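Those sequence lines, one after another, are chains A and B. Residue 164 in the numbering used here is what sits at position 154 of the first sequence, and the numbering runs on without skipping anything. Residue 397 in the numbering used here is what sits at position 387 of the second sequence, and the numbering runs on without skipping anything.
Don't read these hints as lab results, they were simulated from the structure. Because the structure is a prediction, the values reported are computed rather than measured. Take the hints with a grain of salt, since some may be wrong.
Claimed, not checked - Here are the simulated distance ranges between beta carbons:
id	chain 1	residue 1	chain 2	residue 2	range
1	B	Lys309	A	Ala69	41 to 49 Å
2	B	Thr34	A	Gln374	25 to 33 Å
3	B	Ala370	A	Ala69	33 to 41 Å
4	B	Glu102	A	Phe376	54 to 62 Å
5	A	Arg64	B	Lys384	22 to 30 Å
6	A	Thr532	B	Pro516	29 to 37 Å
7	A	Asn74	B	Ser540	20 to 28 Å
8	B	Lys214	A	Met333	48 to 56 Å
What the hints assert, rightly or not - Pairs of lysine-lysine, DSS-like flavour, derived with a Cα cap of 30 Å:
id	chain 1	residue 1	chain 2	residue 2
9	A	Lys426	B	Lys491
10	A	Lys390	B	Lys384
11	B	Lys66	A	Lys482
12	A	Lys91	B	Lys91
13	A	Lys328	B	Lys390
14	A	Lys426	B	Lys91
15	A	Lys91	B	Lys66
16	A	Lys66	B	Lys426
17	A	Lys390	B	Lys328
18	B	Lys70	A	Lys91
19	A	Lys423	B	Lys390
20	A	Lys384	B	Lys91
21	A	Lys91	B	Lys426
22	A	Lys91	B	Lys482
23	A	Lys91	A	Lys120
24	A	Lys423	B	Lys229
25	B	Lys66	A	Lys426
26	B	Lys328	A	Lys384
Unchecked claim - Heads up, incomplete: computed chain B residues facing chain A, CB under 10 Å, no partners named:
id	residue
27	Thr95
28	Tyr98
29	Cys182
30	Phe305
31	Leu375
32	Pro379
33	Gly381
34	Ser383
35	Lys384
36	Lys390
37	Pro392
38	Met430
39	Asp433
40	Ala434
Cβ coordinates follow ideal geometry from the N, Cα and C atoms, glycine included.
Protein chains: 2
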Amino acid sequence: MRRPRSGRKLGKKARLAASSQASTVEFRYGVSFISVEQAEKNLRHEIPQWGFDRIKDAAKDRWNATLGRIAVEGGTEAQRKVFYTALYRCFERMINISEDGQYYSAFDHKVHRDPRPFYVDNWLWDTFRALEPLQTLLNPDVQADKIQSYVRMYQQSGIMPTFALAQGNNACMNGNHSAPWIADAWFKGVRNFDLATAYEGVRKRSLEDTLLPWRLGPKGPLDDFYNAHGYMPALRPGERETDPHVHPFEKRQPVPVTLENSLDDWDIAQLARVLNKQDDEKLFLERAANYKHLFREDKELMWPKDADGKWIEPLDPKFSGGMGGRDYYDENNGYTYTWDVAQDFNGLFAMMGGTAKAEANLDQLFREPLGRSKYEFQGKFPDSTSMIGQFSMGNEPSLAIPYIYNRLGAPWKTEKRVRMLLDAFFPDSLHGIPGDEDGGGMSAFVVFSMLGFYPVTPGIPTYDIGSPIFEKATIHLKNGKDFVIVGRNTSRDNKYVQSVRLNGQPLNQIWFRHAEIANGGTLEITMGNSPNRDLGADPASFPPDSLETRPENFLQ
Amino acid sequence: MRRPRSGRKLGKKARLAASSQASTVEFRYGVSFISVEQAEKNLRHEIPQWGFDRIKDAAKDRWNATLGRIAVEGGTEAQRKVFYTALYRCFERMINISEDGQYYSAFDHKVHRDPRPFYVDNWLWDTFRALEPLQTLLNPDVQADKIQSYVRMYQQSGIMPTFALAQGNNACMNGNHSAPWIADAWFKGVRNFDLATAYEGVRKRSLEDTLLPWRLGPKGPLDDFYNAHGYMPALRPGERETDPHVHPFEKRQPVPVTLENSLDDWDIAQLARVLNKQDDEKLFLERAANYKHLFREDKELMWPKDADGKWIEPLDPKFSGGMGGRDYYDENNGYTYTWDVAQDFNGLFAMMGGTAKAEANLDQLFREPLGRSKYEFQGKFPDSTSMIGQFSMGNEPSLAIPYIYNRLGAPWKTEKRVRMLLDAFFPDSLHGIPGDEDGGGMSAFVVFSMLGFYPVTPGIPTYDIGSPIFEKATIHLKNGKDFVIVGRNTSRDNKYVQSVRLNGQPLNQIWFRHAEIANGGTLEITMGNSPNRDLGADPASFPPDSLETRPENFLQ
Chain A
11 MRRPRSGRKL
21 GKKARLAASS
31 QASTVEFRYG
41 VSFISVEQAE
51 KNLRHEIPQW
61 GFDRIKDAAK
71 DRWNATLGRI
81 AVEGGTEAQR
91 KVFYTALYRC
101 FERMINISED
111 GQYYSAFDHK
121 VHRDPRPFYV
131 DNWLWDTFRA
141 LEPLQTLLNP
151 DVQADKIQSY
161 VRMYQQSGIM
171 PTFALAQGNN
181 ACMNGNHSAP
191 WIADAWFKGV
201 RNFDLATAYE
211 GVRKRSLEDT
221 LLPWRLGPKG
231 PLDDFYNAHG
241 YMPALRPGER
251 ETDPHVHPFE
261 KRQPVPVTLE
271 NSLDDWDIAQ
281 LARVLNKQDD
291 EKLFLERAAN
301 YKHLFREDKE
311 LMWPKDADGK
321 WIEPLDPKFS
331 GGMGGRDYYD
341 ENNGYTYTWD
351 VAQDFNGLFA
361 MMGGTAKAEA
371 NLDQLFREPL
381 GRSKYEFQGK
391 FPDSTSMIGQ
401 FSMGNEPSLA
411 IPYIYNRLGA
421 PWKTEKRVRM
431 LLDAFFPDSL
441 HGIPGDEDGG
451 GMSAFVVFSM
461 LGFYPVTPGI
471 PTYDIGSPIF
481 EKATIHLKNG
491 KDFVIVGRNT
501 SRDNKYVQSV
511 RLNGQPLNQI
521 WFRHAEIANG
531 GTLEITMGNS
541 PNRDLGADPA
551 SFPPDSLETR
561 PENFLQ
Chain B
11 MRRPRSGRKL
21 GKKARLAASS
31 QASTVEFRYG
41 VSFISVEQAE
51 KNLRHEIPQW
61 GFDRIKDAAK
71 DRWNATLGRI
81 AVEGGTEAQR
91 KVFYTALYRC
101 FERMINISED
111 GQYYSAFDHK
121 VHRDPRPFYV
131 DNWLWDTFRA
141 LEPLQTLLNP
151 DVQADKIQSY
161 VRMYQQSGIM
171 PTFALAQGNN
181 ACMNGNHSAP
191 WIADAWFKGV
201 RNFDLATAYE
211 GVRKRSLEDT
221 LLPWRLGPKG
231 PLDDFYNAHG
241 YMPALRPGER
251 ETDPHVHPFE
261 KRQPVPVTLE
271 NSLDDWDIAQ
281 LARVLNKQDD
291 EKLFLERAAN
301 YKHLFREDKE
311 LMWPKDADGK
321 WIEPLDPKFS
331 GGMGGRDYYD
341 ENNGYTYTWD
351 VAQDFNGLFA
361 MMGGTAKAEA
371 NLDQLFREPL
381 GRSKYEFQGK
391 FPDSTSMIGQ
401 FSMGNEPSLA
411 IPYIYNRLGA
421 PWKTEKRVRM
431 LLDAFFPDSL
441 HGIPGDEDGG
451 GMSAFVVFSM
461 LGFYPVTPGI
471 PTYDIGSPIF
481 EKATIHLKNG
491 KDFVIVGRNT
501 SRDNKYVQSV
511 RLNGQPLNQI
521 WFRHAEIANG
531 GTLEITMGNS
541 PNRDLGADPA
551 SFPPDSLETR
561 PENFLQ
């Protein structure tokens, strides 16, 4: 980050105050990425008048207006506190760093004139799942600005970022998650950005840049292997690293690199179709199925493979792979990653042997013993916290997992699990966050889940129905319309969905389209204390997510 | 445990049921420690009539009657659930194993005729602090039977137990905690047991048995050292164990062995005075001060010393000592044990440099950084969980710590801390227990603290006032009288005690005597949302606990 050269003026004022023996010193300061002069302009502009209380009150008003975008009624006081605290955290990022129609970009180290706001600071690995979809719902106009900022960064640096900070691109985590972020926004109607250039950026990152974790730059031999064979190869136990570009601590992370890029490539394929690039669409749809290379049928788990195509053995999918499992997985173990295929749950279920077998496996995920002491497990997987069996509530790759039951004819298990997770792991106390919060990444799960719906697959403009906490929640959309969710008879015991009406009509499924509520609407969910096992039991009523799903079919 | 030789009869009946193609099989079985014939008698006696629902209803009635001994009004539904769940766990143990006027004792492997019930199964290291005082308040008659059971075990085995299981004595943890259990009950009016023999047992364990952790039997050279020098010596880093009797995993635990036996010996001294054994009283009062040998003034912490009287160095009081710190401490580190001197808080404060310094140290306990990652800490101290600074809510040696502020003129900090701890660590969810529950040992902290009073020093028949959760709580005492605690205006915000009335009279202190409520009484605590800093600020109003305290002065 380029800093103004001096804090000289501030220093003078502080000395003056000290000599006056004042008991309270109030001061204001400006910040600029451009110049000291601009910092002073920013100060005059942003804090035009003295007064700590005045500034505090103004900030409070702004926050009240922002949090007031969603008005909830019912629930307990504790639940309302949890909800608004989570919503508050969902507005932490991104940050508009434009200053009077110009901005300093650390992506080309230049000051640019641009009337449009320039946003930095998001962590897409954590936020593409739930936070960005929430922002797309609440502030589609701002999402366009944020995506266009990414387009600018790509134009300025040649790399489509995934962790764009104020100080430039951050080689962090794995994946190409600007693709699902952008596709999800596009199919929910966000249009005011340069899609063609955005597409060029995510396509280049997938095909020409390296997919190695925590690295940015051109592809190397392991990426060539990936492009040829459709998976990132793992080293055999004891085998020395062959590629000097592999991060010495972060390792290859071969399973999540393969799975997450499969999802990202699926979203690129959808954008390719929008742009009428048929060859690309075909290529990226093929790459979207790469995850299948790492599903080990005899174990019914995602499993790393060596360069010869042999399964890595010996391997404990709960615990192997060194710190955070990074030799094979990343922060989470093989149990969590087995479900990380939101672009093709149907394909996963088929490989598992059908929905009944998949449901049994999903049940078992929440029961499967840790296999060792808690502290031994946490010592190696400090980010995979708040475990229920092998399910971790403390890290983002798990967020959609409880909603998978909706695809298995057992939405009552989604409802039960989500309620239990909210109740157990997001209390109104100092234990309010069960693990990695990541700038709103986890809090968005809370906001959506408490409201009673959830965006399971980034890129498909639909929402799953969950288990609403509040008797009524009103989302004041940016277009002036309201989307109202009514949780009739909802209570701690009444956690099961009995019936659903959307915009006055009965809905015999447990999902709905973004287009059905984007111009206002009402979702009425009648709740009861025992499951309605008929609702959502018919496969024809399952939420849509498979490789063949075409998001454009859900636009209205 | 001696088992009946056969389950033959049950097996026959199960086969019969299977051949009848019944969809539900109901069966009953009896258990005996004495004989198969006695097992059948027990069965006929305890389950006289068939019917699962009938037995279930009878059990439910018994539990309702038991939990109904305390009736609470007000608080949230969640708080009432937490309270009664905690109270339920306080009735898990001890277990009456008498069978028709006789019992099998694993302490001499004989069957004894005895009209009095014989109780087994308690874990005094965990329960002498809060659970046994709760049982003494609720069921003094049963406590007499339980203590007399310990007297019998001592008579049968020659060892006063501390963890008396059905299968005999269990060499577990450290200390001689039947002494504070028995003294606490005695000074609260429990008389129907053989005090002289009980005294003989605890005296023998202190002076003639080994104090080594997880060992029972005669004393050895380290105990001779303790008796001569007043502390258990620690090995220097790298020094090999000299005494083969030291448990290879549990080690010497020199600091807690010294501290906990100091407390236990203080209670023995009090019983010696009851029995008019003046030499013993003097001896045990001297031993009660042994803890002072391990207070390191330059560090203001309890610290291990070698056999030459030198402080062990290098030592990190947060983390040294191997697994669970057992080379020096036990399950918890030096920060927790520094406060483990309930028999003489005044002495501790004096060594720290006065109450103001002690208060600052106590504040710092809750702030002092872990100094390392959570998983590194928990990997070595898996029982010292739910940390706030260096305070652990997850283990019993911490239970009285938040109440220490009452002895420092700052009861509002006790009130604030206790509320925060209850709120954060004992929710109405699957996280309801923050660490080691230990057969009610931790739950009794919850029961007392939610009621608004706490027995800080076992052996002194007084209670500290805390911060009541309920508007009204009625304890139906065994003598037919009621002790009523009124929490006027109590709420989540109104956690601070404003004023107290006991049995209609204003009380200008934050403690009261057991005798004042044992025959019924009313404690009215008026609550508010900011501290009344005058109440309990005068040293003359502090709760009594120092080496010189005479419990008999608080008997009425």
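For each hint, the structure was consulted:
| no. | hint | in the structure |
| --- | --- | --- |
| 1 | Lys309(B) - Ala69(A): 41 to 49 Å | 44 Å, holds |
| 2 | Thr34(B) - Gln374(A): 25 to 33 Å | 28 Å, holds |
| 3 | Ala370(B) - Ala69(A): 33 to 41 Å | 34 Å, holds |
| 4 | Glu102(B) - Phe376(A): 54 to 62 Å | 27 Å, violated |
| 5 | Arg64(A) - Lys384(B): 22 to 30 Å | 41 Å, violated |
| 6 | Thr532(A) - Pro516(B): 29 to 37 Å | 58 Å, violated |
| 7 | Asn74(A) - Ser540(B): 20 to 28 Å | 26 Å, holds |
| 8 | Lys214(B) - Met333(A): 48 to 56 Å | 52 Å, holds |
| 9 | Lys426(A) - Lys491(B) | 45 Å, violated |
| 10 | Lys390(A) - Lys384(B) | 12 Å, holds |
| 11 | Lys66(B) - Lys482(A) | 40 Å, violated |
| 12 | Lys91(A) - Lys91(B) | 21 Å, holds |
| 13 | Lys328(A) - Lys390(B) | 21 Å, holds |
| 14 | Lys426(A) - Lys91(B) | 20 Å, holds |
| 15 | Lys91(A) - Lys66(B) | 40 Å, violated |
| 16 | Lys66(A) - Lys426(B) | 28 Å, holds |
| 17 | Lys390(A) - Lys328(B) | 22 Å, holds |
| 18 | Lys70(B) - Lys91(A) | 36 Å, violated |
| 19 | Lys423(A) - Lys390(B) | 37 Å, violated |
| 20 | Lys384(A) - Lys91(B) | 27 Å, holds |
| 21 | Lys91(A) - Lys426(B) | 20 Å, holds |
| 22 | Lys91(A) - Lys482(B) | 27 Å, holds |
| 23 | Lys91(A) - Lys120(A) | 43 Å, violated |
| 24 | Lys423(A) - Lys229(B) | 59 Å, violated |
| 25 | Lys66(B) - Lys426(A) | 27 Å, holds |
| 26 | Lys328(B) - Lys384(A) | 20 Å, holds |
| 27 | Thr95 | 15 Å, violated |
| 28 | Tyr98 | 20 Å, violated |
| 29 | Cys182 | 20 Å, violated |
| 30 | Phe305 | 30 Å, violated |
| 31 | Leu375 | 17 Å, violated |
| 32 | Pro379 | 16 Å, violated |
| 33 | Gly381 | 16 Å, violated |
| 34 | Ser383 | 7 Å, holds |
| 35 | Lys384 | 7 Å, holds |
| 36 | Lys390 | 8 Å, holds |
| 37 | Pro392 | 5 Å, holds |
| 38 | Met430 | 8 Å, holds |
| 39 | Asp433 | 5 Å, holds |
| 40 | Ala434 | 4 Å, holds |
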